[in-house]
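K.L.:
Protein sequence lines correspond, in order, to chains A and B. Heads up: the first sequence begins at 1 in this note's numbering, then just goes up one per residue. Heads up: the second sequence begins at 307 in this note's numbering, then just goes up one per residue.
No lab work stands behind these hints, which were simulated from the structure alone. It cannot be assumed that every hint is accurate.
As the list claims (entries may be wrong) - To give a feel for the contact side, a few chain B residues facing chain A, derived at Cβ under 10 Å: (1) K308; (2) A312; (3) S396; (4) R491; (5) R545.
Said to hold, decoys possible - Partial selection, computed: residues in chain A whose CB lies under 10 Å from chain B: (6) L88; (7) R102; (8) P106; (9) D109.
In this text, a Cβ means the ideal position worked out from N, Cα and C, and glycines have one as well.
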Amino acid sequence: MNQIIEINGMTCCYGGTEAVRNLNLQVQEGSIYAFLGTNGAGKTTTIKTLLNLLKPKQGTARVLDTSVERLGPRELAQIGYLSQDQKLPEALTVRDLIEYSRAIYPTWDDAFCRRLLETLSLPVNRKLATFSRGMKIKAALLISLAYHPRLLILDEPFSGLDALVRDELIQSLVEVFEQEIWTMFISSHDIDDVERLADWVGILDEGRLCLSEPLESLRSRFRRIDVILPEGEISKDQLTKDVLLPEIAGGSAKWIDPHFIDNDATSRQIEKHFPKGTAFATSPLSLREIFVTVTRVLRLNSQTIL
Amino acid sequence: MKTILAHLKKDIVSFGRLAWIWTILIGFDCLAFLDRIPVSHTWHGGMGLVFMIPAVILSILGASASLILQILFVPVLIVQVIHADALTESDAFWRTRPISRGALLAEKALFITLLLAGMALAAFAIRFHSGNASTVATVLQTAVFVSGLVAFAAVTSSFSRLILNFIGIVLGAGVLASMVLGFGRYMESIGANLGHFPMSAHSLSLSNSGQAGTAFLYLGGCLTVVIYQYLTLKTNISRVGLFATFFLAALLQGG
């Protein structure tokens with residue numbers, strides 16, 4: 001598969017500080033990449049650099065096989081972009097906006113646009129200035145999808161939207177992506193929403209990429225382990241170095257295992273460290289739990305390798 | 307070309323209300339023609355009064371419209387059209403759309419040309435009415451005024467920032483130019499006292515070619531800044547260019 005986004009050793013500054021440090025990241029064509037991070041992690045700076053809205057201080061970035069500094073109308077005609085603070089020509093009606101977009105995008109698809117209009121329930125004759133934030137995001141999404149972009153970049157698209165609108169937007173995206181093979185790069189800290197879409201996840205913390213791998217791989221290797229212990233045991237030292245966020249209270253111990261293989265291997269590991277352990281259970285983590293674990297661990301010890 | 311026209315249409319639709327007001331104002335200005343159109347004798351008595359009153363009202367409105375148009379309305383419209391696709395904001399809508407910077411510049415130039423063409427038509431009507439055909443000076447004055455306005459709009463993103471930039475650059479360049487000229491005169495007086503003449507106000511002022519020279523320098527500087535800013539988006543360098551233009555123009559004018 002082609003790499004549709006390729007970042008090598010990129011460092012970017014925003015407002016005088018290094019917002020992104022030595023970032024290496026690849027996004028394969030056809031994947032839905034969730035770019036996660038806390039507020040101020042450097043997600044928006046990375047995205048703005050990918051669109052040539054900011055210049056990298058060091059390193060290189062390529063989008064659609066073109067250096068970001070050389071992105072021009074030809075490449076931008078294949079990229080859809082939607083951000084949380086998306087500015088639109090608000091004096092236009094949805095119809096005007098569609099007419100304008102149709103004229104500037106060579107691959108504009110009228111039939112698909114009509115279908116999107118129905119899915120997103122947008123009134124065509126109302127001016128964008130009279131729309132709520134959710135409706136504006138829907139309008140922006142419409143004109144970012146109707147020309148079948150090869151790459152859709154979404155920067156916190158659901159931020160500040162109510163649950164219903166968020167659900168409608170995600171549903172629309174799911175429907176679109178079921179029918180077409182596109183690449184999406186979506187940054188968000190609304191992780192539950194993103195989990196429904198993504199097949200690949202990258203976590204950025206304080207400008208550094210902590211992990212980047214398929215969602216399925218993350219889900220299978222991150223497990224919560226709960227062990228029931230007889231009374232009078234143990235200290236935390238008995239837990240292996242590999243486990244994350246260990247907690248021992250009363251007659252039980254629990255931790256997150258970031259390298260879970262299967263129950264047999266876990267059983268052997270527990271027997272080694274807790275010979276008196278009576279029973280254990282493993283449970284999968286949601287993406288949100290994985291994200292919180294990773295971020296919390298990195299805050300405690302930035303040298304941790306995940 | 308398709309992109310330029312689509313963008314032009316977007317701007318016309320976006321500023322539809324202002325464009326209508328502009329059309330009406332231009333229409334009022336053009337009423338000056340009526341004075342030259344031969345009128346029937348019924349205007350001078352009887353039914354004529356019925357037509358005279360609206361004609362007087364229209365004439366007054368037309369004269370006021372011209373003033374409003376030139377002082378207030380057109381500058382506001384030009385600045386708004388430039389700021390609608392701001393060059394200094396990284397999150398401006400056009401920045402992530404398939405529009406080249408050159409196409410955007412061409413579209414804005416086309417919009418402003420259309421706007422000024424209407425004004426030129428009105429000016430021609432007024433000149434025709436008054437019998438004064440001296441339009442070259444008016445065209446130059448308008449070009450100088452509009453180029454400065456566009457240059458300031460191109461390096462800012464809102465009207466308040468435009469005003470602040472204008473005050474900063476014009477005041478700064480003016481003060482610096484007067485300091486340089488004052489220093490030149492001081493050196494001239496010292497030179498005269500010592501019997502030689504190392505530096506004069508005349509040598510510091512680039513030339514003594516008068517108002518037209520200043521106007522052309524200013525026009526050229528502002529247009530260069532506009533083109534540079536549109537093609538490179540290097541706002542700080544454009545601001546320095548604008549400052550240099552005002553500084554040199556002030557020096558030329560002061561000398």
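K.L.:
All the hints need checking, so say for each whether the structure fits it.
P.N.:
Taking the hints in turn, this is what the structure says about them:
Nearest Cβ of chain A to the Cβ of K308 of chain B: about 6 Å, under the 10 Å cut. The hint holds. Satisfaction of the interface hint for A312 of chain B is found here, the shortest Cβ-Cβ separation to chain A being roughly 3 Å, below the 10 Å cut-off. Among the interface hints, the one on S396 of chain B holds; its C-beta lies about 4 Å from the nearest C-beta in chain A, closer than the 10 Å criterion. Annotation: interface hint on R491 of chain B violated; nearest CB of chain A at approximately 43 Å, more than 10 Å.
A hinted interface residue such as R545 of chain B counts as satisfied when its beta carbon comes closer than 10 Å to some beta carbon of chain A; here the least separation is about 18 Å, so the hint is violated. Residue-level restraint check for L88 of chain A holds (minimum Cβ-Cβ distance to chain B is 6 Å; threshold 10 Å). Look at R102 of chain A: its Cβ gets to within about 8 Å of chain B, closer than 10 Å, so that hint holds up. The beta carbon of P106 of chain A is positioned within 10 Å of a beta carbon in chain B (closest approach about 8 Å), and the interface hint is therefore held.
With 10 Å as the threshold, the beta carbon of D109 of chain A stays out of range of chain B, its nearest partner Cβ sitting at about 16 Å, so the hint is violated.
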